[in-house]
Amino acid sequence: MKRTPTNSRWLIAPFLLLLISSCRPNEGYPTQVDGWAPIYASVDSVKKIEGVAARSIESGGKIYIKDNILYQVESGQGIHVIDYSTPESPQKLKFIRCFGAQELSIMDNNLYTNNVNDLVVIDISDLNNIKLVGRKENLLRMVSTAPPESGYFECPDKSKGEIVGWQQKLLHNPRCRK
Amino acid sequence: MKKILYVFIPILFTVLLAACSKGNKGTESASGDTGQGGSLARYTIANQYLYMVDMRELKAFSLANPTDPVLTKTVQVGTDIETIFVFEDKLFIGSRQAMYIYSITNPSSPQYLGEASHVRACDPVIANQDYAYVTVRSGTDCGGTTNALYVYNVANILNPTQVNVIPMSSPYGLGKTDHVLYVCDGGNGLKVYDITSPVYPSHKNTINGEIFYDVIVDEADDLLICMVQGGTAIYRINGYNLEKLAKIVN
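Protein sequences appear in the order of chains B and E.
0 is the number of the first residue of the first sequence in numbering that gives the first Met the number 0; add one for each residue after it.
0 is the number of the first residue of the second sequence in numbering that gives the first Met the number 0; add one for each residue after it.
Any given hint could be a false lead.
To be verified - Using 16 Å as the maximum straight-line C-alpha spacing, the simulated EDC-like pairs for lysine to aspartate or glutamate come out as follows:
no.: 1; chain 1: E; residue 1: Lys243; chain 2: E; residue 2: Asp221
no.: 2; chain 1: B; residue 1: Lys130; chain 2: E; residue 2: Asp67
no.: 3; chain 1: E; residue 1: Lys246; chain 2: B; residue 2: Glu57
To be verified - In silico negatives: residues of chain B with every beta carbon more than 12 Å from chain E:
no.: 4; residue: Pro89
no.: 5; residue: Lys91
no.: 6; residue: Asn109
no.: 7; residue: Thr112
no.: 8; residue: Pro147
no.: 9; residue: Gly160
Simulated from the structure, these hints should not be mistaken for lab results.
No experiment lies behind these values; they were computed from the predicted model shown.
Just so you know, even glycine gets a beta-carbon here, dropped at the ideal spot from N, CA and C.
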C-alpha cells in the first residue's frame with residue numbers, strides 16, 4: 000500500500016497542469032497591447048496611382064520639400080502635397096494615392112517613391128493630372144509580410160487584400176509575435 | 000584675441016556655409032533639380048542617381064532617363080540600416096550599429112570609404128566636410144540604453160573619430176544650417192545648438208509643444224519644416240528662436 004500516495008500524485012498531475020495552463024490563456028498573448036497591424040489594399044487597386052482630393056493627415060510620415068511644396072508620406076497610403084508658400088496658412092493641394100508608400104525623393108518633375116515593393120516614377124508637373132510614368136517591379140524590400148519592428152502584431156489575413164504597410168495600434172487578442 | 004576671432008569666425012562661417020549649403024539642399028546638377036529630404040530619409044538623389052537603402056543594402060539607380068531608373072549597383076552595407084544622407088561626393092549611411100561612409104565619385108558604383116561604430120541604437124546622420132552629427136536613440140527596437148548626440152570628425156574620411164558626446168532624452172532626426180544645429184528630441188522638444196565651434200555644440204534654446212521626429216531646414220525662406228506627431232509643423236527661424244507659424248494636420 001506504500002505505492003498508493005505516489006499513484007494518486009500522478010493522477011493529480013494532469014489536473015494541475017490543466018489548472019496552470021488555464022491560468023495562462025492564449026499561451027501568454029495579452030488581451031490588449033500596443034503593437035502592429037497590417038494596412039491592406041485590394042489586389043485590384045494596389046497598383047493604381049492617382050491624384051485625389053486632399054485629405055487629412057492620419058499618420059504623417061517622412062517629409063520632403065521642393066519649390067515651397069511640402070510632401071508628406073501617409074504611411075502605406077500615399078503622399079500629401081501641401082503648398083507652404085504662405086507658411087502661416089499652408090494649403091493642402093492633393094493627395095497622391097500610392098499604396099505602400101514609405102519614402103520619396105524628387106528630381107525635376109518626377110517623384111520617386113515605392114508602391115509596395117515596386118519603384119515608381121510619378122509625373123507631378125500638373126497636379127491635376129498626376130500620372131505614373133515609370134515602374135520597376137519588385138526591386139525593393141520596403142514592405143514585408145511581417146511588421147517593421149519586433150512585438151505583437153495582428154496576424155495577416157489574405158482575404159483582406161495585399162499588405163501595403165504596417166501601423167501601430169492598440170491590439171485586442173493578438174495571435175502573432177515577432 | 001578679439002582680432003583673431005574677427006578674422007577666424009568669418010573664415011569658419013564661409014567654410015561651413017560652403018560646405019553646408021549644398022548638402023542641405025541636395026546636390027543639384029545641370030538638368031536634375033532636386034529638393035530636400037529629412038535626416039530620416041532612405042532615398043536621396045545626387046548627380047542624377049537615386050540612392051536608396053533598405054535594411055541591408057544600398058542600391059544605386061541611374062536617372063539618365065528619368066522615367067526609366069536603371070539599377071547600376073547593389074552594395075551590401077550591413078544590418079539594420081535606417082538612413083542615408085548625401086554631402087558632395089559622399090554618402091553617409093546610418094545603421095543601428097554604425098555610420099558608414101561611401102564615395103560616389105563614380106556615381107554609378109558607390110565605394111566604401113570608412114565607418115564609425117557606436118553603441119547599438121537608432122541613428123540618423125548629417126554631415127559636412129569635416130564633421131558628422133549622429134543621434135543615437137535607445138528603445139525596445141533600437142536596442143541599447145544610450146540617448147545622445149555624437150560628433151565625429153570626418154576630415155579623415157577613412158577613419159572617422161568621435162570627438163564629442165552630448166546627452167539627449169529620445170533623439171530622432173536632425174538638421175543644420177551653417178552655424179545652427181537642430182535636434183528633434185521626441186517629446187522633449189526641438190533643441191537648438193550653436194555649432195560655430197563644430198565640436199562643441201552650445202545649447203541655445205528648446206522648443207516645446209510638439210513631439211518632434213524630423214526636421215528640414217528651408218534656408219531660402221528661413222523656415223523649419225518639422226515632422227511632428229500627427230503631421231507637420233512650420234516654424235520661422237529668427238536667430239536661435241523659432242516662431243510657430245502653422246501646424247498641418249486635418
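- Going back to the hint list, which numbers does this structure go against? Numbers 4, 5, 6, 7 and 8 - these are the hints that the structure violates, sorted from lowest upward.
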